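Peer 1: Following the hints, put chains B and C in place on chain A, whose structure we already have.
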Amino acid sequence: MSTINIKEGTPLKAKIPEGDLAQKWTIYKDKIRLVSPANKRNLDIIVVGTGLAGASAAASLAEMGYNVKAFAFQDSPRRAHSIAAQGGINASKNYQNDGDSDWRLFYDTIKGGDYRGREANTYRLAEVSGAIIDQAVMQGVPFARDYGGLLDNRSFGGVLVSRTFYAKGQTGQQLLLGAYSALNRQIARGKVEMYNRHEMIDLVVIDGHARGIIARNLVTGEIERHSAHAVVLGSGGYSNAYFLSTNAMGSNATAAWRAHRKGAYFANPAFVQIHPTCIPRSSEHQSKLTLMSESLRNDGRIWVPKKLEDAKALQQGKLKPTEIPEEDRDYYLERRYPAFGNLVPRDVASRAAKERCDAGFGVNKTGEAVYLDFSTAIERYGKEQAHLKGIKNPSKKLITELGEKVIEQKYGNLFQMYEKITDDNPYKTPMMIYPANHYSMGGLWVDYDLQSNLPGLFVIGEANFSDHGANRLGASALMQGLADGYFVLPYTIGDYLADYIREGKIPTDTPEFEEAEEKVKEEINFFINNKGKHSVDYFHKKLGKIMWDKAGLARNAKGLKEAIKEIQELRSQFWKDVRVPGKANEYNPELEKAGYVADFLELGELLALDALNRNESCGGHFREEYQTEEGEALRDDKNYAYAAAWEYPAKPYERFTKHVNMSDAILHKEPLIFEFVKPTTRSYK
Amino acid sequence: MKLNLKIWRQAGPNAKGRMVDYKIDGVESDMSFLEMLDLLNEKLIGKGDEPIAFDHDCREGICGMCSLFINGEAHGPDRLITTCQLHMRKFNDGDTITIEPWRANAFPVIKDLIVDRSALDRIQQAGGYISVNTSGRSVDANNIPIPKKDADMAFDAATCIGCGACVATCKNASAMLFVSAKVAQFALLPQGRVEAAKRVQDMVAAMDAEGFGSCTNTGACEVECPKGISLTNIAILNKEFLLAQTK
Amino acid sequence: MTILKTSVAKKVAMALSGLFLVVFLLLHLAINLTLIYPGKETFDAAVEFMGTNPLIQVMQPILFLGFIFHIIMGIYLEWTNRSKRSVKYVKNNQAVASSWASRNMIWTGLFVLVFLALHLFNYFVPFKTQDVSDHYALVTGLFKNPVYTLLYVLAFVLLGIHLSHGFQSAFQSLGTPREKCNKFLVCCGYIFAIVIAVGFSAVAVYFYFN
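Chains as they are written, first to last, in this note's numbering: chain A, 1 to 685; chain B, 1001 to 1247; chain C, 2001 to 2210.
Keep in mind that the hints were calculated from the coordinates and are not lab data. For clarity, every value in this text was computed on a predicted model and none was experimentally measured. Ideal Cβ positions, reconstructed from N, Cα and C, are used throughout, including at glycine. Do not rely on the hints blindly, as some may be mistaken.
[Unchecked claim] Capping the alpha-carbon separation at 25 angstroms, the derived lysine-lysine pairs in DSS-like fashion look like this:
1. A/Lys545 - A/Lys365
2. C/Lys2088 - B/Lys1006
3. B/Lys1006 - C/Lys2091
4. C/Lys2091 - B/Lys1016
5. B/Lys1002 - B/Lys1016
6. C/Lys2005 - B/Lys1239
7. A/Lys93 - B/Lys1149
8. A/Lys669 - A/Lys15
9. A/Lys638 - A/Lys583
10. B/Lys1043 - A/Lys576
11. B/Lys1043 - A/Lys583
12. A/Lys519 - A/Lys576
13. B/Lys1239 - C/Lys2180
14. B/Lys1023 - C/Lys2091
15. A/Lys365 - B/Lys1148
16. A/Lys389 - A/Lys405
17. A/Lys583 - A/Lys533
18. A/Lys561 - A/Lys531
19. A/Lys405 - B/Lys1148
20. B/Lys1198 - A/Lys191
21. C/Lys2183 - B/Lys1148
22. A/Lys389 - B/Lys1149
23. A/Lys13 - A/Lys29
24. B/Lys1047 - A/Lys576
25. B/Lys1006 - A/Lys542
26. A/Lys389 - B/Lys1148
[As the list claims (entries may be wrong)] Quick partial rundown of chain C residues pointing at chain B, CB under 10 angstroms, derived from the structure:
27. Thr2006
28. Val2087
29. Lys2091
30. His2135
31. Val2139
32. Thr2140
33. Gln2172
34. Glu2179
[To be verified] Pulled from the structure, derived: some chain B residues nowhere near chain C, Cβ distances all over 12 angstroms:
35. Glu1042
36. Lys1043
37. Leu1044
38. Ala1106
39. Ser1118
40. Val1132
Just chain A, with the same shape it has in the complex (with noise of 0.2 angstroms):
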């Protein structure tokens, strides 16, 4: 048991709505207060960040008659990070006849979650997002479909239908662009003022609400000041805390933890997500992880040798895995799961890939790689088209080759992206995964109107912490991006906006506009002027090595103390060492990294204190103290069901003048209160 002191300050309440379950959403969007037509043109909302959630808002809330201003920091909104997302969207269109509802999708949601999410929140969320698939078709989203011409659905972990709409393996690139036309359409009408290439680096708030941001130009260096009534943030997760991710290059924390910074509650921070299926690392210069598609382990059967010498002989690079007979081969996630086998939730599959290698069975030079083999799919495949063929006896090549052109149909571009990447053929030879950080379930505390502590300052997608619980399950994140910017955030919004319909707009010659600017300022100058003997990368690959090796896919009191402690030090080796090469006023992405890093390594420190406090195992968060017998999570629901949002313990801008020690955090409770299901220990056996 590990002694802490953490401060607590108030609980914080939700604004559920009362009534069924179903009904809640329904309801509650009827009573909720409207905006006329005329006073919406009166109505200013800063969208910050352009991914699904982001696009999705800001063209939803320019169709509503809202002005809009959106702010990418890439060259355009076409490249967010949401593009990357591969394998599906999740929809309970019941499509398959397998007995999918509303219902359903939001118990798998709050299972997969592990029971850290809220009710409310996910039940919304299974039931707009029949929704999102008929939006997304209606923007010619060209989906997968059959010989029929309907859509096709396809399995995704930690669930028994077939839910998963997909297009390829490039679902999110095909969403997004989706996002992004509807989003140009509006742009095109000039409703969407469009920001690209600008960073939001400071929250602007007067008298406690959020009224604006403070944003840099990042080809000019300029510091520009933007007003609104409203700020909605949907600048996605904070992986890259841990340096090596899934995430892209530029996925930054810095708009969220800036709010953060300005009085936004901080929640959840311990729960990330460990994708299992990543291409394994290779050498010191790797600069990010490569995911392979969830959908990938439908047809994908994960094994590690059952022998410690034929392991040891795959790590010396002296025997290849298709040299290991079948009866030799350990398939522990059918042997540990037969009921939901290679298709448990991510969390599960990731915990299992981690314990096969720490005992000694790993399959790469670096002993840190499984492998996901796709031959037991292949032969079937080949017997099918064979048989459809009418092909009587196929040889054992015919079925190969049928087989490979059903998977290559499937999957063909994830599998030469895996072959660029690693030079290996995996239809020949199993492709080798590793678990990687892929997305953050916490981030910025939200109500059920998904606005924060702060009012005005509402969080979508990935940068809120709310619908995923401790865990999310494959497919899900795109659903929640898109059903927070076109169906939820677009409603709730208007019942804040209500009351400042006669405002105006708001001046940003304040003394809250001008304070802000000076303070982002002085840190820029900050760091070029400091003269220091380091890069920025340094700083973030050291932060990330404690990050993965003390608060990563395990975790105890003992390494997280150490993580807290080092990450200190780090960071105030950071203020005084850091070089930012370049000027203020030019392009220069140092100077962009440099803000982005110095927000995670206060992140960073939160996340393990966040870990630290929650003395328990709950999805992504595994503390090895809190395991049963058989090594599954062991959750605490007596003590431990809530959401933790944290406060900021230090002034806005002290940072780089004086050391802020961010356990000193106060720790707000969110009780999660669970009317309609019962939290059950969750089993894929």
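Peer 2: Using the frame of chain A, we list chains B and C on its own:
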């Protein structure tokens, strides 16, 4: 391995640029091309020099942010990949590699290897969408059956990542492959037919206004496209354009 | 000219004028081949027909316009397209991605234009302005000059290269369903290019040696 790099350096949009020679050691064959540039930058920062600015983000070939004209080819010598997926095993010890930004008047240089591709966004804004508002009550997705062949072709067109390699590689700096991919995607789908005539005319007009050249069917764009977007889409655009004249 | 405002309309116009000239080339080749077989009589009759047939007389100025349009538009497009990349690449490895023919349409075209001028001066002008009594002799006589014959053969080889790209490119510009007929059209283009290049050259070479 050791490499000789010739890299375009340009301080800003209006500055004069030039090719600068760099020598780099310690490059591993497992590195991606951008990781090799990371390594170079780390060394430059260590020496107190300014690192080389280049666009990149997802580093898995899907965001379309990375660019680079490597040894005379968009996204380098390999096929069907972006620069971030190009690995150093494609090069040999002692090679000289020339690295330039995308060149087109419609893509002005911002800094070093970074160019401004916002012209592509503006073309999309001119008509690269289906005019449908967000509504939880649109028709059920399966009310619009679409023949698999059309859906697959639309998908293939829609996989364009908007990187601009087609423009960079085209001798005329034409954006036809990019524009046609969007036109074709929607032209192939029943939802997109309603606005098809207006869309193709508006998008072509926007493309011309942005200062891209015209297509002379050399086919280089298709070869260099990291996503293998087919020239078929250009034929579809041409057909749609002709059809639109009759409307 | 508003109809030709957009780049796509311009290339459609290039395609249509090009295909029109393709038809003319076929007709011209057919007449030329009569020089070898069946021979003088048929050739003279054909010349007579070309000089007097009312339809041909109507088509002649249109053909001229077609030529002039194709040439001017070609030069204009090349000139504007070149201006779209003011800063050139230091290293540009174009050959790996596109054919020489497709990249050099302007040069093959311009050489053919130079030859066309020579051809008009040598044959068409006398044909129209003077009272040429023996067309057969005039034509075959020109091929006794080795320089002229060489130039002639070179021009048609280059025209063949021009056509090898131009033929299929024209159909692409007109939006023919590529997935269905591209292979066929490319094939036709090559065959046509070879027929034109070999056909015209054969006549020249035949009379040079006979």
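Peer 1: Which of the stated hints cannot be reconciled with the structure, identified by number in ascending sequence?
Peer 2: 5, 9, 15, 18, 25, 30, 31, 32 and 38
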